[in-house]
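Peer 1: One letter stands for each residue in the lines below.
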Amino acid sequence: MRHVLRIVRESLILGFAEMGAVYTWRTWTFGWLMRLLCQATFYALLGRYVGDEATMRYVLVGNIVVLACLESTIVVISLAGERRTGTLPLLAIAPSGHLPVYLGRGLQWTVTGLTSASVAWLVLPPLLGVPLPWPRAGYAMPVIVLILVSSYGYGCALAGVALRLRGVEWLVLNFAYGIIMTFGGVNVPVGVWPGPLRVAAQALPVVHGLEAVRGILGGASTGHIMSLLGTEALVGAGWYAVAALSMDRLVAVGRRDGTLGYAG
Amino acid sequence: MEAAVHTSGLRRTYSRRHRDPVVALDDLTMTIGQNEIHGLLGPNGAGKTTLVQILSTVLLPSAGTARVLGHDVVADTRAVRSLVGLVLGGDRGLYDRLTARRNLRFWGALHKLDTRTARRRADALLERVGLAGRADDRVETFSRGMRQRLHLARGLLHEPRVLFLDEPTSGLDPVAAGAFRRLVLELRAEGRTFLLATHDMDEAAALCDRVTLIDRGRMLLTGDPARVGRFLGDRECVDFTHPDPALTEALALLPDVSDVERRDGTGWRVHTAGRDGTRRVLAWLLERDVLTARRGEPTLEEVYLRTVGDRGMRV
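Those protein sequences? They're chains A and B, same order as listed. The numbering used here puts the first residue of the first sequence at 1, with every later residue one more than the last. The numbering used here puts the first residue of the second sequence at 265, with every later residue one more than the last.
FYI, nobody ran anything at the bench for these hints, they're computed from the structure. Note that the structure is a prediction, hence the values are computed from the model and not measured. Think of the CB as a built atom: it goes at the ideal place given N, C-alpha and C, for glycine as much as any other residue. Be aware that one or more of the hints could be misleading.
[To be verified] Quick list of simulated restraints, FRET-style, between CB atoms:
| # | chain 1 | residue 1 | chain 2 | residue 2 | range |
| --- | --- | --- | --- | --- | --- |
| 1 | B | A327 | A | A252 | 17 to 23 Å |
| 2 | B | A343 | A | L165 | 31 to 37 Å |
| 3 | B | D291 | A | T115 | 57 to 63 Å |
| 4 | B | G529 | A | A252 | 46 to 52 Å |
| 5 | B | S279 | A | P189 | 36 to 42 Å |
| 6 | B | V338 | A | L165 | 35 to 41 Å |
[Claimed, not checked] Reference listing, derived: stretches of chain A covered by chain B, where coverage requires no fewer than 3 residues with Cβ under 8 Å from a Cβ of chain B:
| # | stretch |
| --- | --- |
| 7 | 7-16 |
| 8 | 81-91 |
| 9 | 94-107 |
| 10 | 247-259 |
Next up, chain B with everything else stripped away, as it sits in the complex (with noise of 0.2 Å):
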């Protein structure tokens, strides 16, 4: 069966004036099965963002290339759109003035949707959002989660194969959040698949099948949700300077040290099990007076470089 998405060496650079381009996506090669929910994951600007607006076609790749459904996304555009929904998360995206019915009327029109064909989808996902009592209010009165279960909506419209959620649980209160995530469920037994970008792991745990942590625009590791998360959770470290090269190897002797690094010059990192071991040797530290010990977090490429091996991650 062709992937409902495939990337292949794909590469977006920012370019900024007077100093170095940003790079968003490096070298991302992926594959989406159809009928799958598969968790984008990473910290903020790990490059979620940019490679939803590729695969929907609000951006172009600087290079490789991106196909969804077998169509390429910047030769084949417009095959492209009329296959994928775009969910955006957040306040951004939807006419604060227009009800809820009117705000769907609006995009069905711009989906090219008949009248009546309109009027009946955006009725049907109304209810099934759990809009309906609230169709005809408008959207600047809605709560958060309201509106993310209009967004939804809206992405739903033209009945796509394919949908991409940015963020679209961030600021949900958990009963909200839960709500939207069985919609998301329920929708993917029709037969949809999903692409969701998040940082939220819990998210990630509770819908997705498989899920991809990005850092910096690079793959570091794609799996069932489980094993990702147990990387996310040893995720300790404590950053220290001390010239002293002793102090570090009566330290590496702590049971709650798990490795010592040598960073720079006199800079040191220790990864510690758990937050519980990071306390006890940030106490350690400054009972020997180093004054610049502090809680750091390796970067997830470090995470899964310590890990990969044992826990035999697929990157």
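Looking at chain A on its own, in the form it has when it is part of the complex (with noise of 0.2 Å):
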């Protein structure tokens, strides 16, 4: 257990020096988390044109959340990055099992989401003149966390599909990520979509953590919440399990038909 958690520090700092190739804190700041925070501005405001106050407050809250998730599966691109680097086959040869690894090399992009999504949380809802009923909002906020660790699992199952088929990562993760902006919750709830849809979409991070931000702040039942937070727990363990088995396969498919060194 101690080396594995001494490949999460390790991964950390790599990802933090690869974090500061793209951004300063300066352009972090003043571009990424500007640009986030306009991002969920725009859409409360569209809620507010198509709506009410309410549906303002809803879609507030929904865009504000998701930003946890967006940023934790920027995982797809750092993990896709291990090709480009010709590290992976390396990776996959260490003693260590290239599991632990895998799974902590985009954990940076869980503290910036956190980072974003806290930001949001505490400046944009009196900024837009809904605030949000504290403290309870306060009790929201290890919900946020428990979306990020969910997402983030999502993120590296995902990252297991980008790695095999090569050059696609950017796809991935704005597929990833459309889906949960569209079927997540985020902006229209779950169950206006058709039968289907909807059981689909109780399979993604987000959804229930989300219900249950929501379901603090209009004052709902504990065990109502407890019960959205334990299903929110169980989807990201799935996807935790996906993400390994994905990453495993990568490793064994890689070695039979000798793509692990490849560029991509």
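From the two separate chains plus the hints, produce the assembled complex.
Peer 2: So, in structure tokens, the structure goes:
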């Protein structure tokens, strides 16, 4: 277990070092974070335009919480980078096994995801005139962390696909995020969708956690909230299992067909 | 003493959609003794990297067996991984945004070294490969030679007994390549075994106790580097087409021609004695309006078949 934690720590250091190639703290804050805040604001105002203040609050909460998912699924890009750097075969034959490092390679995005969602949670509702009910809004923060964790598993699972298909990481990332934005109850309730889609949406991260957040803000019973949190955790665990299988298969197939060393 | 590496009937094919599979290794049987520096020579696509990948467990063989210090690379993967180090050539395989020291600590964690050991070994290896002064600089600022030394340090981090070097001095300037080779010789003196995949005959001559020449996945010959080097020096020939066999009979009488063979139909191959001989043969053919004449390269297999008898190399 200790060596797994060491791998996670080293992966985080690597992740932030790589992030430094793209952002400085200024460009992250005034570029990326501002973009996310504008995105949530845009949807919230759209909600106000087509509905009322309640609709606006619904859309705003959804779009703030989903930021945690958006950022944590960027692990798809980080993992695909292993092909470009030529480290994929070296990771595959590392004595520690490849899973800890694969699962740890995008953890920096969970840190930035939590930061983005937290800033948005604190700043946007009062700014847009739909303040959240405190202290209940504070109780929702741990739920956002849970959503972040389950979304990261979702991202890792899809990263396994992106690594196998090669060169499709941006497509996979946008598809993954688009699915959540569309069917995850962010802008419209999951119940709006036809039966099969509604059922399929239950397997997505964010769906149950976001419902729990809305439940907390609306004063729902603790039992109901806990049940939703349990489901979100279960869905997240499922995605981690898929991620582990997907990456095991990536390595097994790569050793068999000789694609591990491909640059992508 | 147990062989460091032993392969028997090793075969690897790559399947291709709607096309015949490519045979990268074909019935390769070879043995590398412990504490040996063994060169694996061959042109691009000969199968060198495929062999290195199989021995380091990155790739599965299609048939045959491969053992490292007695451990099967397929059945006993975990044991093999702890015994071998893979050193890649070129720019890939390192994290550019990390410092040299952080790269080694990262790989130390993956090799399950505890924090103290990883730090100690990283510092010692950086000193050894001459990178201690740049240990805290990002790898993206490193020259090719510095990267290569860091590759070697990474490969040594878990103290493997067998190291596979895949074209480690490719693209290095002569000074950097020389320094790298001295380092390999030092490490051999400590009891390590090296398999060095390269297409650089000079490098093989400078470093290796024995070399194996492979082409199209097949082993052509194995022996000491000096003898194999003489083979490669003789690789000169001229290809041309001409309908009149009388011309080739006259050609065969020239002092620069060692052999003339019919390729197909009106195609001929003339084996010459070195580059000057090739030049004279080309001039001779052009004087007779044979405008299809061009310098060619016999396959390594042809070189072997023509010379094995009188040079006594072992396949």
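Peer 1: What are the numbers of the hints the structure violates, in ascending order?
Peer 2: 5 and 6
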